[in-house]
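A.B. asks: Sequence:
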Amino acid sequence: MIHSEVVETRWAASSRTESPGVRVIAEAGVNHNGCLETAMTLVDAARECGADAVKFQWFKAEQLVTADAAQASYQRKACPEDGSQYAMLKRLELGNEDFRRLAEYSHERGIEFLASPFDEDSVEWLAALDVGCFKVASGELTNLPLLSRIGAQGKPVLLSTGMSFLGEIEAALATLSAAGAGDVTVLHCVSEYPAPVDQINLVAMDTLAQAFGCPVGYSDHSDGIDIALAAVARGAVVIEKHLTLDTTMAGPDHTASLDPQAFLAMVTAIRRIERALGDGRKRPAPCEQPQRELVRRSVVAGRDIDAGEVLAQGDLLLKRPGSGLPAAALPQLIGRVARRRIGRDALLDWADLT
Numbered sequence: 019m020i021h022s023e024v025v026e027t028r029w030a031a032s033s034r035t036e037s038p039g040v041r042v043i044a045e046a047g048v049n050h051n052g053c054l055e056t057a058m059t060l061v062d063a064a065r066e067c068g069a070d071a072v073k074f075q076w077f078k079a080e081q082l083v084t085a086d087a088a089q090a091s092y093q094r095k096a097c098p099e100d101g102s103q104y105a106m107l108k109r110l111e112l113g114n115e116d117f118r119r120l121a122e123y124s125h126e127r128g129i130e131f132l133a134s135p136f137d138e139d140s141v142e143w144l145a146a147l148d149v150g151c152f153k154v155a156s157g158e159l160t161n162l163p164l165l166s167r168i169g170a171q172g173k174p175v176l177l178s179t180g181m182s183f184l185g186e187i188e189a190a191l192a193t194l195s196a197a198g199a200g201d202v203t204v205l206h207c208v209s210e211y212p213a214p215v216d217q218i219n220l221v222a223m224d225t226l227a228q229a230f231g232c233p234v235g236y237s238d239h240s241d242g243i244d245i246a247l248a249a250v251a252r253g254a255v256v257i258e259k260h261l262t263l264d265t266t267m268a269g270p271d272h273t274a275s276l277d278p279q280a281f282l283a284m285v286t287a288i289r290r291i292e293r294a295l296g297d298g299r300k301r302p303a304p305c306e307q308p309q310r311e312l313v314r315r316s317v318v319a320g321r322d323i324d325a326g327e328v329l330a331q332g333d334l335l336l337k338r339p340g341s342g343l344p345a346a347a348l349p350q351l352i353g354r355v356a357r358r359r360i361g362r363d364a365l366l367d368w369a370d371l372t
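Residue numbers for the sequence shown follow the working numbering, beginning at 19 and rising by one.
Be aware that one or more of the hints could be misleading.
Here are the simulated DSSO-like pairs of lysine-lysine, each with C-alpha atoms no more than 27 Å apart in a straight line [stated by the list, open to error]: (1) K108 <-> K95; (2) K95 <-> K78; (3) K78 <-> K108; (4) K337 <-> K300.
Hints listed in this document are in silico derivations from the structure and should not be mistaken for laboratory results.
Remember, it's a predicted structure, so these values are computed and weren't measured experimentally.
Based on the sequences and whatever the hints tell you, model everything.
C.D. replies: Put into structure tokens, the structure is as follows:
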């Protein structure tokens, strides 16, 4: 059994303020190239990079794709020798027992194990492993029977929305809800590897949040880390990014992935941005208090003022520091009488006046 009690609390949060920070998923995907040992090394790398979870893709090629289905253009470029999606995916496939071992190993290493199931058998295996949440891949968003089976597990769901219209997302959410799913986090995504920057449309995160009233994250397929960081600044509660051991490895997703050094840099930057975002309340920060007193202005005497003189507008100026009567008090001082002599540039005090 996986550490589900802690996990479920994390993935069930309805907003960033209810969760201890942005949750970062290292999408190992198929970057193991069909090798369990490489997959375990990816678990180690994700843990060392500071990811909250490591995620794989749990599929069986025979149930996912026809024998002659064409590869996507980026897949043909990276894996021309395979010739078809089926041949490529069959080569990248791991068995059920492999995933069970990966789940156990992830637990041993102290990182959450996640997987995107692509068939109902994989859903049942994940349920038996008591995973903390289910991840729906963008390609499966319209696979309503699969979504119904996932929803029936009663767990939180991460729903990627690449290639989707709002109506399709609405239908997916309705299916998950009707089946009994827990909280759903909708992930904006552009399903191209790498995603062209001018087509990423991060503002769609706002549209998703407004349309469905649920927390929103971002599954990033762009080059580099800057778009993921921008998504965090826009309010993403989950960031998913591909992780590879080496971007030059053979395979469909390696070139659109981050190596461990870059992934660590992304996580470090996300944690820094989180600290900078704050709670949204506008008030002086504790570090500003000394500056507030030094650079705000106070009411001071513009000339030497003798006791008994009536203060006129021209007798008073506004100067730093701000430790005296505030500038806002100036209108209330006009016409008051000095109790004592007030030297030029002296900060005024209510006790000096009648």
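A.B. asks: State for each hint whether it applies.
C.D. replies: Taking the hints in turn, this is what the structure says about them:
{"no.": "1", "hint": "K108 <-> K95", "verdict": "18 Å, holds"}
{"no.": "2", "hint": "K95 <-> K78", "verdict": "23 Å, holds"}
{"no.": "3", "hint": "K78 <-> K108", "verdict": "7 Å, holds"}
{"no.": "4", "hint": "K337 <-> K300", "verdict": "25 Å, holds"}
Violated hints: none; the structure is consistent with every hint.
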